[in-house]
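Q: Sequence:
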Amino acid sequence: MDREEITHVSSAAVTVLRVTPLEEDGTPDHGWAMTYHYREPVLLGSGALERIPSFLNAPGENLREWLPPRRLAAIVAPLDHEQSRDVYALAQGLWQRRRTGSAVEAWQPQEPGTWWYTLIPWWRYNPDTDRWPLKELEGDHRAYAFGDVRPVNTYAWPALPPFPEAKALGPGTQVVIAFTETPPPPPGLPPSPEPPHDYPAAVPRRRPAPRGRPPV
Numbered sequence: 001m002d003r004e005e006i007t008h009v010s011s012a013a014v015t016v017l018r019v020t021p022l023e024e025d026g027t028p029d030h031g032w033a034m035t036y037h038y039r040e041p042v043l044l045g046s047g048a049l050e051r052i053p054s055f056l057n058a059p060g061e062n063l064r065e066w067l068p069p070r071r072l073a074a075i076v077a078p079l080d081h082e083q084s085r086d087v088y089a090l091a092q093g094l095w096q097r098r099r100t101g102s103a104v105e106a107w108q109p110q111e112p113g114t115w116w117y118t119l120i121p122w123w124r125y126n127p128d129t130d131r132w133p134l135k136e137l138e139g140d141h142r143a144y145a146f147g148d149v150r151p152v153n154t155y156a157w158p159a160l161p162p163f164p165e166a167k168a169l170g171p172g173t174q175v176v177i178a179f180t181e182t183p184p185p186p187p188g189l190p191p192s193p194e195p196p197h198d199y200p201a202a203v204p205r206r207r208p209a210p211r212g213r214p215p216v
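At position 205 of the sequence shown the residue is numbered 205 (my numbering), and the sequence of numbers has no breaks.
Check the hints yourself; a few may be wrong.
As the list claims (entries may be wrong) - Derived Cβ-Cβ restraints for the label pairs, each shown as a range: (1) Ser-192 with Glu-4: 42 to 50 Å; (2) Gly-113 with Gly-139: 24 to 32 Å; (3) Gln-83 with Glu-138: 15 to 23 Å; (4) Asp-80 with Gln-110: 34 to 42 Å; (5) Asp-25 with Glu-111: 16 to 24 Å.
By construction, these hints were calculated from the structure, which means they are not laboratory data.
Note that the coordinates shown come from a computational prediction; the quantities given were computed from them, not determined experimentally.
Here a beta-carbon is modelled for each residue, glycine too, at the ideal position from N, C-alpha and C.
Given these sequences and hints, build the entire structure.
A: Following this line, the structure appears as structure tokens:
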């Protein structure tokens, strides 16, 4: 049986995460982008899944070859994290879009007024969170979310931190990392666009009364 191993694991302590659901064609639906702020940082982990064919593990076999690794990512936090419900809510958001996937952004504070910014444009939900290695972390931790980092097709990513204008993510892009002075968005969903001034006001409609009873 082939053996799979998650290697090259690294983690970044981030305080802001944003999950943007993807449409069927892979474009982000920014109107439903949910931002989470954490007073206590959570870990954005990255790694590679290497599959070692069984015939390369035979006794006395000196040949070591690997198939091309798959990129993986995880959201990890201590079991006693003070905002564990918010971390779980983020994981639920990724689960809800497990069929089409989501884009995940993260902000890691640096010097005052500056952040490291990470964009994973296509996070494909993976339910097997127990596979994420935690033994190198101090204390009890849990992988709340686990996903495959998939390469995206070509589409324009709108102007978002740290990009001052729309950028095109070329085919094959898996991760974008940058340094920015643009602050992360506030928690929650983005504000709804203002309706035009001539937009008709909603007229309340009266619910029909049940039969056999007079209207109130």
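Q: Each hint needs a verdict: does it hold in this structure or not?
A: Evaluation of the provided hints:
no. : hint                             : verdict
1   : Ser-192 with Glu-4: 42 to 50 Å   : holds, 44 Å
2   : Gly-113 with Gly-139: 24 to 32 Å : holds, 31 Å
3   : Gln-83 with Glu-138: 15 to 23 Å  : holds, 19 Å
4   : Asp-80 with Gln-110: 34 to 42 Å  : violated, 26 Å
5   : Asp-25 with Glu-111: 16 to 24 Å  : violated, 39 Å
Checked against the numbered hints given earlier, this structure breaks hints 4 and 5; the rest are met.
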